[in-house]
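Listed below, chain by chain, are the residues.
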Amino acid sequence: MMNIILFLIASLLITLGGVLITISVHLIPVGGAPAAMAQATGVGTGTTQLAAGAGLTGLLVAVSVHLLSGDVLLSIILGGIGSAIMISIVMLISNIGYIYGIGIPLASGKAVRDPMTKDRQDIYVSKGTEGHGIPTAAFLSGIVGGIIGGIGGSLIYSVIYTVLHSQTDFVFSTPAALTISILLSISIYFINAVIASYNIGGTIEGYYDPKFKKLPKAIIVSAVMTFICGIMSLFIVIQQGGAL
Amino acid sequence: MDPLIGMGVLALVGAVAAIAGYTEDLESVVGSQSNPNSQVQLAPQMKYPHRLFNKAISGEPLSNGLAAVIGAVIAVSLESFYDLSIITVIVIGSVAAMMIHMILATTSFFGRISSQSRFKQPIYLDVFKTNLPVIAAYAFMTTACILIICYLMTSYLEIWIPIPLLALILGITVGSIGSSVGDIQYGAERLYQNLEFGSGINAAYSGNIVRKAESGIRSGVDNSWFSSKFGGPTTGIAFAAVLFMTSWITVLFNPEWGNAVGWIGLIAGVLFILATILINRFLEKSARRNFGPYREEEKTEIVE
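As you go down the protein sequences, you meet chains A and B in turn.
If you count the first sequence from 1, position 28 lands on 28 in this note's numbering, and the numbers rise without skipping.
Just add 1000 to wherever you are in the second sequence, counting from 1, and you've got this note's numbering.
Since the hints were made in silico from the structure, they are not lab data.
Since no wrong hints were added, every one of them can be taken at face value.
Derived DEER-like restraints, expressed as beta-carbon distance ranges:
no., chain 1, residue 1, chain 2, residue 2, range
1, A, L73, B, A1203, 44 to 54 Å
2, A, G201, B, M1099, 36 to 46 Å
3, A, Y198, B, V1270, 24 to 34 Å
Where is the CB? At the ideal position from N, CA and C, for every residue including glycine.
Given these sequences and hints, build the entire structure.
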């Protein structure tokens, strides 16, 4: 039987991972469907979809580093970096699309001046839109969001995998253990991305967006939800390990 | 793993990923899946009936993830139960995924268009017959490329994630990139070529999409011709760059050789991110300098 204190620590770590994912979705600039028509600032896709793409890329890096070195801390941090690399490439090439494909400058609709570069924004916003592209402040916010989200996803994976592997009568092969822990972490990732997406109403420009102030509510919801999900996942994992 | 072989395999993964991203974007453009679908869906309600193929099976990441998983499960099962070569199982798996994708595209097309009958939007069977094979071909290519990447990664890059799960992750990633990078040109330029170039789409024009092609009336295939020149290639580059850059830090600085090497890989990743920030800043400034503002800067103080 698994030690109850270890069980609590594991579920709290999973909760922390879930909260990090929720924070990350609030930081990544996403414009939803309007951004695909250059009507809103941010990446032109849904919040959950972009966050999932970034989080899964980070998870892939984390898993491969974990398999290669066995170092949990390194794999978690490199997971964050992998996620940030994905999001930075997507934002950069989206901006190339906005500038060279549609011929518009990058501009934020929510801030008069860019909080980082102090560039004037409002006069570069075309008529009838709420900004377009990903200006520097949103870009940096997205990268920080990518790092935090990647770390959160990798943390959940690492905790579940470690718990599964620490079972005394562990019966699974490594690929099977990997599958269980990756699938559970993907599920928790999606749940938190959707919670955050509801909170921001589908679009956000980054840390300077007024909607970012709604973050505390999402953190509470996410913490409660992920704690329940974490306990359920740990029960699944412990039963699969055959310890109960 | 020999780093030289690793880099060679990685280059091959990048090349295949570029094709996967390209075909994924064009598949979504032909069927107008993804975010610009909102405009195609809205057009008949604004009294602009059209001849575009309208399918939105789901968000692009999930529909591509589904196709990739179906292909991967069939390929892996065939490989373990029959003595078939990997190329054969990849083709059979991709064909199966393509068939499922065609079924979903068909039901989605007829369901979406027939729900708009009250707005007098006809169902054009010739559009269905000419566009569906193109969608199927692109779906086949995307799934096959994802499966090739999965086999290369598990065989040579020492990522021992089971292939169906890896296919799910890569399918979701390619859909996510295709949805965010490639569709901008389709949604903001191709659908609104009647508006002046060099501006975001004014929300007042929503639904007023262009319905005439270079010759005749526009359908999804005409849009894929346009997107194949910019939207598709940028998606391909983005997906290839994501796979290459995320694997590169672990192949060249393999953590297997010691944790210190792994931490150097971390520094390499951070340097790459800093480089993208600088390139983005340069692009932003050059665009502002070359395009200029839309209206003159007022002399009055700004009220923040």
